[in-house]
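Position one of the sequence shown corresponds to residue 1 (this note's numbering), numbered consecutively onward.
Be aware that a few hints might be false.
Derived CB-CB ranges, DEER-like [as the list claims (entries may be wrong)]:
1) Gly-46 with Asn-25: 14 to 24 Å
2) Lys-16 with Gly-86: 20 to 30 Å
3) Leu-30 with Val-74: 31 to 41 Å
4) Tyr-58 with Leu-89: 36 to 46 Å
5) Leu-89 with Cys-44: 28 to 38 Å
6) Val-52 with Glu-27: 31 to 41 Å
7) Val-52 with Ala-82: 29 to 39 Å
8) Asp-85 with Gly-18: 16 to 26 Å
9) Val-26 with Tyr-58: 21 to 31 Å
Keep in mind the hints are simulated off the structure, nothing from the lab. C-beta: ideal position from N, C-alpha, C; glycine also.
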Amino acid sequence: MTKTHPATYRATMLSKKGGPEQQHNVELPLPEPGPGEIRVRVTCAGVGSTDVTMRRGYYPFAPKLPFVPGYEAVGIVDALGAGVDGLRLGQRVCALLVHGAYATHVVRGAAE
């Protein structure tokens with residue numbers, strides 16, 4: 001049996017700096033991992049001081065607005081890009097992303 005994936009994923013987008021009211025839920029196209037990348041179905045994302053600092057606009061390494069915040073995530077590998085070794089579908093992983101964890105899925109380098 002082949003498992004199908006939705007064509008979109010949900011994320012919490014930060015549209016401008018400020019309080020939690022500046023975050024809103026969006027639906028985005030579900031990306032496929034490229035060579036050397038994995039896609040993770042996020043089961044848990046941390047909320048820490050860096051996330052709050054980023055939301056308020058004081059974190060020097062934050063991407064330009066709008067972006068999906070979330071520094072860290074735990075999840076399950078649900079897709080592998082070409083050339084990925086050492087990881088398998090269904091494997092539990094954790095990642096320090098700096099941003100992007102406030103989402104149902106993230107794509108990142110398998111070696112990171």
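Hint-by-hint comparison with the structure:
no., hint, verdict
1, Gly-46 with Asn-25: 14 to 24 Å, "19 Å, holds"
2, Lys-16 with Gly-86: 20 to 30 Å, "40 Å, violated"
3, Leu-30 with Val-74: 31 to 41 Å, "19 Å, violated"
4, Tyr-58 with Leu-89: 36 to 46 Å, "39 Å, holds"
5, Leu-89 with Cys-44: 28 to 38 Å, "19 Å, violated"
6, Val-52 with Glu-27: 31 to 41 Å, "25 Å, violated"
7, Val-52 with Ala-82: 29 to 39 Å, "38 Å, holds"
8, Asp-85 with Gly-18: 16 to 26 Å, "43 Å, violated"
9, Val-26 with Tyr-58: 21 to 31 Å, "24 Å, holds"
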